[in-house]
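Undergrad: If you're matching positions, the sequence shown starts at 1 in our numbering and goes up one per residue.
Source of the hints: derived by calculation from the structure; they are not laboratory data.
Bear in mind that the values here come from a model prediction, so they are computed numbers and not experimental data.
Possibly wrong hints are sitting among the right ones.
Derived lysine-lysine pairs resembling DSBU-like cross-links, with alpha carbons at most 30 Å apart [stated by the list, open to error]: (1) K114 / K76; (2) K133 / K114; (3) K152 / K125; (4) K141 / K103; (5) K16 / K37; (6) K138 / K45; (7) K138 / K165; (8) K143 / K165; (9) K143 / K37; (10) K138 / K103; (11) K125 / K141; (12) K112 / K45; (13) K114 / K125; (14) K165 / K146; (15) K72 / K146; (16) K138 / K114; (17) K45 / K143; (18) K45 / K141; (19) K152 / K37; (20) K97 / K152; (21) K97 / K133; (22) K125 / K103; (23) K37 / K125; (24) K16 / K133; (25) K45 / K133; (26) K125 / K45; (27) K138 / K112; (28) K114 / K141; (29) K16 / K143; (30) K103 / K133; (31) K133 / K37; (32) K146 / K45; (33) K152 / K141; (34) K103 / K152; (35) K76 / K112; (36) K72 / K114.
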Amino acid sequence: AVCHFNPTPCKDPPDKLFTVHGLWPSNSSGNDPIYCKNTTINSTKIANLTAQLEIIWPNVLDRTDHITFWNKQWIKHGSCGHPAIQNDMHYLQTVIKMYITQKQNVSEILSKAKIEPVGRFWTQKEIERAIRKGTNNKEPKLKCQKNTQGTKLVEVTICSDRNLKQFIDCPRPILNGSRYYCPINNILY
């Protein structure tokens, strides 16, 4: 759905699945930390991770340049994850681990609940119930956007504790009035 709402169109037809947007340290009571260290990803060092990362964490706006996207996410967010995130390599390995072994694959979680990206309408409760079932009953944060076809589900945030060991309820839900608010009914996915 991100391709439908971005002023820069996607370079190729996107897959109909949720991919990773980022791994962001957050602060439950205030603004999230950003730009904590001025350090970049060593593309040579991460060569053995790129095949997995291109699948689960692609740059959907430019599939020819994933490293720039990952680097931007590392500099802005990942560099703030110390001590749980030790360095750029650990940041990328953690994303892979969380997605694959800790079952944070949102498309798979929704699919298990028979919620598929077929362009039909769902309720907020149906989507939240499916995510909760896959995350030990923890509350996700849903992000939607409106266009001429309706309100589309564009992002699902799954939150974990500061040690990245277990799911927690996501703090600060998106409130009614925000352009990213998901209504109670008629969410297109």
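Undergrad: State for each hint whether it applies.
TA: Against the structure, the hints:
no., hint, result
1, K114 / K76, "violated, 35 Å"
2, K133 / K114, "holds, 12 Å"
3, K152 / K125, "holds, 15 Å"
4, K141 / K103, "holds, 17 Å"
5, K16 / K37, "violated, 34 Å"
6, K138 / K45, "violated, 35 Å"
7, K138 / K165, "holds, 14 Å"
8, K143 / K165, "holds, 24 Å"
9, K143 / K37, "holds, 28 Å"
10, K138 / K103, "holds, 13 Å"
11, K125 / K141, "holds, 12 Å"
12, K112 / K45, "violated, 36 Å"
13, K114 / K125, "holds, 14 Å"
14, K165 / K146, "violated, 34 Å"
15, K72 / K146, "holds, 27 Å"
16, K138 / K114, "holds, 19 Å"
17, K45 / K143, "violated, 34 Å"
18, K45 / K141, "violated, 33 Å"
19, K152 / K37, "violated, 35 Å"
20, K97 / K152, "holds, 28 Å"
21, K97 / K133, "holds, 20 Å"
22, K125 / K103, "holds, 21 Å"
23, K37 / K125, "violated, 39 Å"
24, K16 / K133, "holds, 21 Å"
25, K45 / K133, "violated, 37 Å"
26, K125 / K45, "violated, 43 Å"
27, K138 / K112, "holds, 17 Å"
28, K114 / K141, "holds, 20 Å"
29, K16 / K143, "holds, 17 Å"
30, K103 / K133, "holds, 11 Å"
31, K133 / K37, "violated, 36 Å"
32, K146 / K45, "violated, 40 Å"
33, K152 / K141, "holds, 14 Å"
34, K103 / K152, "holds, 23 Å"
35, K76 / K112, "violated, 33 Å"
36, K72 / K114, "violated, 34 Å"
The structure does not agree with the numbered hints 1, 5, 6, 12, 14, 17, 18, 19, 23, 25, 26, 31, 32, 35, 36 stated previously, though it agrees with the rest.
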